[in-house]
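Line by line, the protein sequences are chains L and C. If you're matching positions, the first sequence starts at 1 in this note's numbering and goes up one per residue. If you're matching positions, the second sequence starts at 1001 in this note's numbering and goes up one per residue.
For the record, the hints were derived by calculation from the structure and aren't laboratory data. Ideal Cβ positions, reconstructed from N, Cα and C, are used throughout, including at glycine. Wrong hints could be hidden among the right ones.
Here are some, though not all, of the chain C residues that point toward chain L, as calculated from beta-carbon distances under 10 Å [stated by the list, open to error]: (1) F1020; (2) D1028; (3) N1031; (4) F1033; (5) L1041; (6) A1092; (7) Y1100.
Counterexamples of contact, computed for chain L against chain C with all Cβ distances above 10 Å [claimed, not checked]: (8) G16; (9) L75; (10) A90.
Pairs of lysine-lysine residues, derived as DSSO-like cross-links and limited to a Cα-Cα distance of at most 27 Å, are as follows [said to hold, decoys possible]: (11) L:K2 x L:K103; (12) L:K42 x C:K1057; (13) C:K1071 x C:K1055; (14) C:K1013 x L:K42.
Okay, here's what each chain looks like letter by letter:
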Amino acid sequence: QKEVEQNSGPLSVPEGAIASLNCTYSDRGSQSFFWYRQYSGKSPELIMFIYSNGDKEDGRFTAQLNKASQYVSLLIRDSQPSDSATYLCAVKNSGYSTLTFGKGTMLLVSP
Amino acid sequence: DVKVTQSSRYLVKRTGEKVFLECVQDMDHENMFWYRQDPGLGLRLIYFSYDVKMKEKGDIPEGYSVSREKKERFSLILESASTNQTSMYLCASRATDTQYFGPGTRLTVL
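Pulled out of the complex, with its shape left as it was, chain C reads as follows (with noise of 0.2 Å):
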C-alpha cells in the first residue's frame, strides 16, 4: 500500500509567519504535489517535483515556496502566511499515472 504522511492534520498560524508543511511517502516515488482545496474552487496545484531538488510551478505558485532534498520528502513553504492561504492542504505522490493523496493540512491563518 501507498502510504503519504504530512506532518500535522491541523494547524493555526498568526499572518506573517513562516510555515512549513512536510510530505513523506513511503514508495520510493519520484513525483510529489502539493495541492489546496477551497469549497467552490476544487483542487488547485501549487508546485511539483520530478525528482530531488527538481521543482516546477503549478497553476498557484504565488506566495509559496518548496523544497525537495530527500527523494521521500516533500516541503511547502508559506514565507509570510496571510490570511488567504487559509485552506486544506494535499500533498500527493504518484505511482505510473495514479496520484495517491496524504490525509491533508487544514491550516487556519489568523
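Chain L extracted, bound-state conformation (with noise of 0.2 Å):
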C-alpha cells in the first residue's frame, strides 16, 4: 500500500513568519507531487505541482522535492490569516493515473 504522512498539526504560526509543511511518501517510482489547501467545508483546491528536485516557486508558496529522500514540502511566506486551512500532499502512483493523498497538516495563522 503506497503511502503519503503528514503531520496532522496544528502547525500554529503569527502572521508574517514562514510556515513549513512536510511529507513523505513511499512510492519510490514517484515522478509528480501535489499540495491542495483545503478550507474546512470546501473541496480541495491546487496549490502547486512539482515533478523535480529542488525548488519551484509560485508568489509565496515554494514547493520543496528531494526524490532520494522521499521527501517534498510546502513553505508559505509572509503567511496570513486566510492561509489558515489543512493543506494536502498527494503523490501520483507511478504507473496510473491516481494519487495518494496524505491525510493533511492543518495551519492556523494567528494576526
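Using the supplied hints, reconstruct the complex from the two chains, each of which is provided in its own coordinate frame.
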C-alpha cells in the first residue's frame, strides 16, 4: 500500500512568518507531487505541483522536492490569516493516473 | 478554467435507499475520480474511470458502483445506503497529471 505521511498539526504560526509543511512518501517510482489547500467545508484546490528535485516558487509559495529522501515540502512566506487551512500533499502513483493523498496538515495563522 | 460540478451540496437519505451522486466536467477529460473524505482518514479513492464505459476500483469500492455513459459525466451509486456511508464525497477530473475537484456532496444517511 502506497503511503503519504504528513504531520496532522495544527501548525501554528504568527502572521508574517514562514510556515513549513512537510510530507514523506513511500513510492520510490513517483514522479509527480502536488500540494492542495482545503478550507473547512470546501473541496481541495491545487496550489502547486512539482516534478523535479529542487525548489519551485510561485508567489509566496515554494515547493521543495528531494526524491532521494522521498520528501516534499511546502513553504509559505509572509503567512496570512487567510492561509489558515488544511494542506494536503498528494503523490501520483507510478504507472497509474491515480493520486495518493496524505491526511493533511492543519495550518493556523494568528493575526 | 476547469469546471467540475456535482449535483448536490447536501443530501440526506435513509438507510437502504439507492443514492445517485453525479459529477460533470466541461473540459473533455478522459480520467475522472470519486473519493470520500472522513475526519482522520483523509481522502480515499472509491472508483475511477479512464474513459467512457471504463471503470476501475479504487481503494474502497465496497458498497459502491459507478457509471460513465458519457465522457463528461461520472456517476457514483450507493446501491443500498448505510449509515457508515455518511461522508463528504468528492469528484475529480484529471488534466495531464493534475486533478481538479468539484465542490463536494455532504451525504448523511439516517
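Hints versus structure:
1. Taking 10 Å as the C-beta contact cut-off toward chain L, the hint placing C:F1020 at the interface is violated, the least distance being around 19 Å.
2. Here the hint on C:D1028 is broken, as its CB sits about 16 Å from the closest CB of chain L, past 10 Å.
3. Because the smallest distance between the Cβ of C:N1031 and any Cβ of chain L comes to about 5 Å, under 10 Å, the interface hint for this residue holds.
4. For C:F1033, the interface hint holds, the least distance from its beta-carbon to any beta-carbon of chain L being 7 Å, beneath 10 Å.
5. With its C-beta approaching chain L no nearer than about 7 Å, C:L1041 sits inside the 10 Å limit, and its interface hint holds.
6. About 9 Å separates the beta-carbon of C:A1092 from the nearest beta-carbon of chain L, less than 10 Å, and the hint is met.
7. Hint status for C:Y1100: holds, given a least beta-carbon distance of 7 Å to chain L, under 10 Å.
8. Distance check on L:G16: its Cβ is at least 30 Å (rounded) from any Cβ of chain C, clearing the 10 Å threshold; non-interface status holds.
9. For L:L75, the requirement that its beta carbon stay farther than 10 Å from each beta carbon of chain C is met, with the minimum near 20 Å.
10. Listed as a non-interface residue, L:A90 fails to keep its Cβ farther than 10 Å from every Cβ of chain C; the least gap is roughly 8 Å.
11. Simply put, L:K2 and L:K103 have alpha-carbon atoms about 13 Å apart, close enough for the 27 Å limit, and the pair holds.
12. Only pairs whose Cα atoms come within 27 Å are accepted, and L:K42 paired with C:K1057 is accepted, the gap being roughly 25 Å.
13. A hinted pair counts as satisfied when its Cα atoms are at most 27 Å apart, and C:K1071 with C:K1055 qualifies at roughly 12 Å.
14. Straight-line distance between C-alpha atoms of C:K1013 and L:K42 comes to about 21 Å, which keeps the hinted pair within the 27 Å bound.
Hint compliance for this structure: hints 1, 2 and 10 are not met, and every other hint is.
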